[in-house]
Amino acid sequence: MHSQQITWNPQAGWTPIKAENVSVVFYFGTRQILSCGARYNELRDMFPGAHILGCSTGGQINNNDISDDEIVAAAISFDATRLHLVRQDIGDAQQSRKCGETIGRALIREDLAGVFVLSDGLNVNGSELVNGLVAAIGPNIPLTGGLAGDGADFTETLVGGDCVPRARMVVAVGFYGSAIRIGHGSAGGWDLFGPRRQVTKSTGNVLFELDGQPALDLYERYLGPEDSKGLPGSALLFPIQVHDANQPDSAVVRTVLAVDHEARSMTFAGDVPQGWTAQLMHGNFDRLAEGAADAARQARIGLAGEGDHQFSILVSCIGRRLLMGQRTSDEAEAAGAELGADTLRLGFYSYGEISPHAKSGICELHNQTMTVTTFAEVGA
Amino acid sequence: MHRLVAKQIAKATDASGAVDMNKLAALVGSAYDEFDRDRRRTDRSMSLMIEEIDAINRNLELLVAKRTSELRAREEDLRAQNMRFDVAINNMAQGLLLFDSSQRLIVCNQRFIEMYGLSPHAVKPGCSFRDLVVYRKEAGSLKGDVDDYCASVLRNVAQGNITHRILETVDGRSIQIVSQPLSDGGWVATHEDITERRRAEERITHLAHYDALTDLPNRTQFHERLKRELARIPEGEQLAVLYIDIDEFKSVNDTLGHQIGDELLKSVAVSLGRCVRGADDFVARLGGDEFAIVQTAVKTPAEVSDLVTRVFDAIREPHECLGHQVTTDASIGIALAPQHGTDLDQILKNADLAMYAAKSAGRRTYRFFQPAMDAQVNTRRKLEMDLRQAISDGGLEVYYQPCMSLQDNRITGCEALLRWRHSERGMISPAEFIPIAEETGLINQLGEWVLMTACMAAATWPDDIRLAVNVSPVQFKSGTLALKIIAALAASGLPASRLELEITEAVLIRDDEAALVILHQLRAIGVRIALDDFGTGYSSLRYLQRFPFDKIKIDRCFVNDIAEPDGSSCIVRAVVNIAAARNMTTTAEGVETQQQHELLRALGCAEMQGYLFSPAKPAAEIQRLLSSHAEGSTAVA
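Chains as they are written, first to last, in this note's numbering: chain H, 1 to 380; chain S, 1001 to 1637.
No lab work stands behind these hints, which were simulated from the structure alone.
These numbers come from a predicted model, not from an experiment.
Hints are not guaranteed to be accurate.
Label pairs and their computed distance ranges (CB to CB) [claimed, not checked]: (1) S/1071 <-> H/196: 21 to 29 Å; (2) H/228 <-> S/1071: 40 to 48 Å; (3) H/228 <-> S/1079: 54 to 62 Å; (4) S/1057 <-> H/68: 43 to 51 Å; (5) H/341 <-> S/1015: 41 to 49 Å; (6) H/18 <-> S/1003: 47 to 55 Å.
All C-beta atoms, glycine included, are put in the ideal place defined by N, C-alpha and C.
Based on the sequences and whatever the hints tell you, model everything.
Structure below.
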């Protein structure tokens, strides 16, 4: 296995690279840069035999740096691992589970070793997409990835898989064979605060009421007049952790995708089931960075030192970046310190992270986390 | 240097190593803004959170206070409920025990401890079931073996059986113990002293089968025992059923009072009890003045006769009743099984028939059942049915027998007499069917009809001809006799002075006060009253004193032998004299010869009736007779 990092910026264009035997190219950039389609076509010209997949973001991770004005990409050559890419357009969020099942059925084969998925970040119910995929491929195949981002705008997200990136698209690549090793980790580092509240009214991923009061009222109160203007993006400053009161281990963090001022409701990136317990969270720069380090540690341990030339994809939540500002690079550095300088690290700020749950092992949609996927190849 | 500052400097430094101060200032300024914003957010969220938590705390405090007071109230309720429960279980009539699955006592009430005279210090929650049984054994209330008893109870509890057992205590009480297993493996047991209840039940059972006055088996018990005995008569043996009816018991009651009547029955019961000898023989009281004896293992008729003799001896002995010496007698009917049948109903009926035969034979005697008795009853029943039919079909007729003055041979009146011409048997004697009509109450209907018919007929006769109508004692009992007579007179237009009612002394024997009231009522409206059949029966002269009869009718038995040397002429003379002395006339009945006619006239008798002058005739014939007689021609039939 061999991995090379490449970047593109408006001034210098693409950095030069050895383009032979590349199996797959991952690339991440802002919606503004990707939307014209020219960058994809250039990559296609550079790597005619490779699968090329990428998405729009809320910022790119390039090893220890965070950037907004460039495209980060990695060209990976596998020695023994075969790949299969599947893409699926999706009309609306109601079809999320079906879409996941369709993709999963297209990928499933006896030697499927792992799946990496990129999805539209605004028109897909990420939880249902993941449920559909897991239903098709089973709970034991590592499934990681993320929902595309659009900075703090929440206007449109783009995803491309062997095609020009576009909205309402889901792309997944499957890794096959016995040589591939995939490690994964996910952690938040957010601190719970305030009282526990009950989800008294919700439908799927739309939350109406907490403790009998409109959820949006609570958020506006906590955000204050200034930050309330920045909704829905500013709601990311206060993620919410929800769990089934009977199963405290099921706790997941949810992030806001949209608000409805009329209905006083909030739409989250994943389900917020009625009757569950909810608690607000807030972030502390140091502990968020520690969370990223924790995720990286899990992913590294997952590989158990096998294979060489490791390559990693970091998918972190846009909320973390909005909160941390210039200190966002702290989490990239903390993850890098765990993964080691030799491991190529690229990634993006997303509207949702996909990774197995650290405790239950069941793949879920996460919010407000850093998720890390590491790849290596053995044997050959 | 702070890591962030180092990064900011690095970002503001170009490839040549020159630092762009403006860029650096912008980065540093923006970082400060970020820190300020973060601090404001943190402050705001912390103070909001504190507010929220305060509010939640206040709510919690309120909730805790509310819950605490609720808990106190509930505790109070529970305490009161416990007290009520204690009061309830300690005041229940049963002893109550509750055991857990390890056979330890959980609840025991005061009643249980008292019931067995146990020590309240020993019997308390926590003690074992076996200990409890040992205490009972020590206190003397358990007869059997402790281990056997425990094993039996525990076996039933283990099998989930609800058990009812009745234990007899050493001191003679009956305790009913009900054990009910509980779902948790324990059980609840109630102990109830049912000694009194059992005695009461036994008493009720006894009362249901024994007569309260004499303590003899009652009719129910008599039937049950007789049925058993009938079913097991050995080959070659007989069983005798004696029905014993105390003669004239009613007069004892009427004359001496019910208390003495009851004493007599008790005394008779004791006497009868002494008469029976066989192990399975017994006496029963069937009700009123009727007793029965069942004699078993009868091998010879003499044994039954001996018993009958003993019974008569016993009954005829004077009975000491509350200071009175009462003598009495009995009529006894005897039926034998299997000779006269083995069916219970059959043998009862036969004994009854035999008893009525004894009564009919003049009481104070006994009769063995004979098949002919049955036939007689059947004949009588047939006659009753025929009589009912005849009444509805108009098969009865009123005949009239003239009554003639002995002074001038003039007809003074006619006696109405009922005649029944049976479609198969021809004329049937009133002596045969009147008793049946009286027994069945048909006499009221018949009497009314005769009265109405005869009054209608008499209204067509000459004005000086009276009508005599017989009235049965039964008609007096109906209470409406006077009204019916008035109605008949009114309907026919017959003057009351032309109607004469003939009554027998039987009217006056019983309820004579009521009868006298009716007689006076009738007399008041002008109806004449004659005393019929005088000289037979009691013929108490007191009757003549009590009611001023208009006429005495001398019975035909005195007329029959009036011409004999030692005949009844002196009796007739005496009656005529008595009547004359009290302003009554006399009529002699059954005059058949001229000689009798002459003698009666000589003795001063006023009137006569009989074949010598005319038998009873249908209405049309009597009408003709009266017409011709009125014209002056004396006709003698």
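Outcome of the hint check:
With their beta carbons about 25 Å apart, residue 1071 of chain S and residue 196 of chain H fall inside the hinted range of 21 to 29 Å. Taking 40 to 48 Å as the suggested C-beta distance range, the pair residue 228 of chain H and residue 1071 of chain S conforms, at roughly 44 Å. Residue 228 of chain H and residue 1079 of chain S have their C-beta atoms about 56 Å apart, which keeps the hinted 54 to 62 Å range intact. In this structure the supplied range 43 to 51 Å holds for residue 1057 of chain S paired with residue 68 of chain H, their Cβ-Cβ distance being about 45 Å.
The hinted window of 41 to 49 Å between residue 341 of chain H and residue 1015 of chain S is violated, with their beta carbons roughly 23 Å apart. For residue 18 of chain H paired with residue 1003 of chain S, a C-beta distance near 34 Å fails the hint of 47 to 55 Å.
Figure legend: structure checked against the earlier numbered hints; hints not met, in rising order: 5 and 6.
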